[in-house]
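2 protein chains.
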Amino acid sequence: MTDPNVERKLVEIMRIISESDKPVGARLIADEMHNRGYAIGERAVRYHLRILDERGFTEKHGYIGRTITERGKKELSDALVSDRLGFIITKIEELIYRTDYDLDSGKGNVIVNISYIDKDDYDNAADVIRYAMAHGASISPKVGVLEEESDDYDIYIPEGKIALATVCSITFDGLLLKNGIPTMPAFGGLMQMENYEPEGFVDLISYSGTSIDPIKIFLRRKSTSILKSIDTGSGYMLANMREIPASAAKRAEIVIERAKKDDIGGNICIGDSGEDVLYAPVQRGKVGIPVMVGINAVAAVEEAGIQIDTHPVSTVMEYKKMKIL
Amino acid sequence: MTDPNVERKLVEIMRIISESDKPVGARLIADEMHNRGYAIGERAVRYHLRILDERGFTEKHGYIGRTITERGKKELSDALVSDRLGFIITKIEELIYRTDYDLDSGKGNVIVNISYIDKDDYDNAADVIRYAMAHGASISPKVGVLEEESDDYDIYIPEGKIALATVCSITFDGLLLKNGIPTMPAFGGLMQMENYEPEGFVDLISYSGTSIDPIKIFLRRKSTSILKSIDTGSGYMLANMREIPASAAKRAEIVIERAKKDDIGGNICIGDSGEDVLYAPVQRGKVGIPVMVGINAVAAVEEAGIQIDTHPVSTVMEYKKMKIL
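Heads up: the protein sequence lines correspond to chains B and E, in order.
Be aware that the first sequence starts at 356, since it is given in the numbering used here, and climbs by one per residue.
Be aware that the second sequence starts at 356, since it is given in the numbering used here, and climbs by one per residue.
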């Protein structure tokens with residue numbers, strides 16, 4: 356068995372094929388994978404299908420598509436549950452590891468959230484995102500706009516849709532790690548805003564021990580009032596908090612200051628050693644670093660009544676290719 | 356400062372009073388507390404109001420109601436955030452401690468979830484609950500039916516509503532603890548059912564480090580398919596998992612067997628030492644005990660299209676006074 360993320364996709368693809376009563380093609384599978392929350396493109400589906408063929412789990416019928424073999428059915432029933440349950444922290448750790456944005460050269464990848472909107476809604480959505488980002492609701496004002504699958508990113512784009520990539524706050528952890536500071540996201544939470552300032556977390560969900568992204572839980576609960584927070588100064592936004600060794604606080608401050616020059620901000624403060632930060636508990640010997648999450652900008656789009664479908668902490672993207680809307 | 360639960364209610368009541376431009380009475384406050392997720396009755400509101408008066412935070416204007424004082428306003432702004440953030444595990448620990456149901460005498464309290472339905476929906480809801488419980492979706496077939504606030508339980512009943520108390524799976528932890536077995540709920544999760552049997556968890560959220568009840572998160576996401584699971588054998592139900600010392604497994608088995616005679620069941624199995632149980636990770640030296648949660652029965656009511664508003668892990672109730680519907 357290889358990469359667990361690949362394995363999970365293989366199982367899901369087998370499930371899709373097994374659920375159909377006729378052969379299924381890559382395009383249809385990509386569509387359905389998208390519905391099931393996997394942001395992978397047709398090209399990646401083809402790659403996975405070749406692995407399944409090699410293992411004897413699927414069978415190709417010319418250009419019509421693939422069916423599942425008896426061996427595939429058995430494999431699927433064994434894998435059915437175990438391959439679906441993955442803790443979100445594992446995925447986050449992998450993406451932190453893959454972030455290689457270099458503050459000196461300006462080259463490399465950041466972690467992004469992928470959101471899908473109708474092409475017709477693009478102008479309105481861009482207005483809202485620009486507005487939210489200009490008011491500091493997000494970690495970076497830069498956005499990747501993908502109109503169709505490119506060779507650079509295998510991100511699935513359904514017909515008539517545009518994918519927007521917003522910088523994910525976990526990028527902060529990637530930057531800290533690249534600069535030698537051990538870090539791990541501790542909590543995702545709902546932040547109460549008062550007088551245009553973060554007042555404190557009112558709800559928290561730990562990143563460890565959950566298979567569902569905490570930020571996705573809050574997004575789904577429609578807990579935010581981003582636009583109201585920007586307009587009136589009080590409301591609820593999303594933020595998260597990471598812990599680093601207290602002895603690394605000074606170094607982290609330098610990295611965070613340096614990142615601002617590259618439009619990577621959103622950091623609220625650096626806490627004191629072992630002290631709660633904005634009511635979020637911090638372990639002894641550590642300091643907490645709360646950051647406004649990138650998802651706030653897309654949550655604002657939803658609040659404005661525009662349909663947007665968001666996958667937090669999706670993949671990595673070259674920062675240079677993202678732009679201010 | 357006294358009990359943090361009392362403090363949290365005091366703050367919420369002050370907030371309600373401060374948000375009104377005229378004096379507010381206890382009945383209105385109880386209504387609004389209910390909307391905000393606090394299942395407390397008018398009588399309890401009056402009790403809390405007396406505390407607030409004594410502290411000089413509120414002021415009584417005869418029978419018209421209460422207003423907030425300047426001192427109350429200051430207190431409220433200080434307390435605004437810190438008193439709202441409480442981890443769910445703290446509340447659960449408190450309820451486990453308060454459970455005193457005795458398997459030998461049949462006396463004492465169990466932990467219950469409180470659900471509200473329209474009086475008109477009662478017969479239909481009771482049918483669904485009876486059906487779900489008869490098919491083992493729940494920990495106990497006994498239900499407490501409250502039509503109005505009683506002297507025994509200060510549970511708030513809005514006009515035209517009935518409150519249904521279902522046995523909460525955390526009662527299991529209370530029973531184990533009363534029998535000398537240290538226990539703590541580890542995860543709430545979504546359980547895949549196949550061939551009418553639990554096949555494994557497909558999603559998990561840890562009870563520690565979250566301010567929102569994991570079961571409430573799944574309920575809100577409408578993740579279940581209880582009725583389909585009962586009818587076809589496959590679907591999704593809610594379950595949770597606790598850990599106990601591996602050396603206490605034999606003793607736990609005896610307690611669990613004994614509890615069945617009192618209609619407290621729902622236990623799926625007892626895992627092996629340090630081994631995953633139904634794909635949920637278990638710490639070294641511990642065994643995992645997964646249990647179908649009581650909320651399944653009320654989730655089924657919602658699936659049947661009947662509006663029901665549920666507060667998991669709400670309070671304790673005398674088990675003797677609950678009955679099979």
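Where hints are given, some of them may not hold.
The calculated label-pair distances, taken between Cβ atoms and stated as ranges, are [said to hold, decoys possible]:
id: 1; chain 1: B; residue 1: E503; chain 2: E; residue 2: L383; range: 51 to 59 angstroms
id: 2; chain 1: B; residue 1: R391; chain 2: E; residue 2: Y402; range: 44 to 52 angstroms
id: 3; chain 1: E; residue 1: K462; chain 2: B; residue 2: D627; range: 21 to 29 angstroms
With the Cβ distance kept under 8 angstroms, some of the chain E side facing chain B (calculated, not the full set) [stated by the list, open to error]:
id: 4; residue: V557
id: 5; residue: T565
id: 6; residue: I567
id: 7; residue: I572
These are computed hints drawn from the structure, not numbers from a lab.
The structure presented is a predicted model; accordingly, all values stated were derived computationally and were not measured.
Just so it is clear, CB atoms sit at the ideal spot from N, CA and C, and this is done for glycine as well.
Hint-by-hint comparison with the structure:
Checked against the given bound of 51 to 59 angstroms, the beta carbons of B:E503 and E:L383, roughly 56 angstroms apart, stay inside it. Evaluation of the 44 to 52 angstroms hint for B:R391 and E:Y402 yields a pass: the beta carbon distance comes to about 50 angstroms. Look at E:K462 against B:D627: about 50 angstroms separates their beta carbons, and that is not inside 21 to 29 angstroms. Because the closest C-beta pair between E:V557 and chain B is about 5 angstroms apart, less than 8 angstroms, the hint holds.
Taking 8 angstroms as the C-beta contact cut-off toward chain B, the hint placing E:T565 at the interface holds, the least distance being around 5 angstroms. A least Cβ separation of about 6 angstroms between E:I567 and chain B falls short of the 8 angstroms threshold, and the interface hint therefore holds. Taken as an interface hint, E:I572 checks out: its beta carbon lies about 6 angstroms from the nearest beta carbon of chain B, inside 8 angstroms.
Of the numbered hints given earlier, the model fails hint 3 alone.
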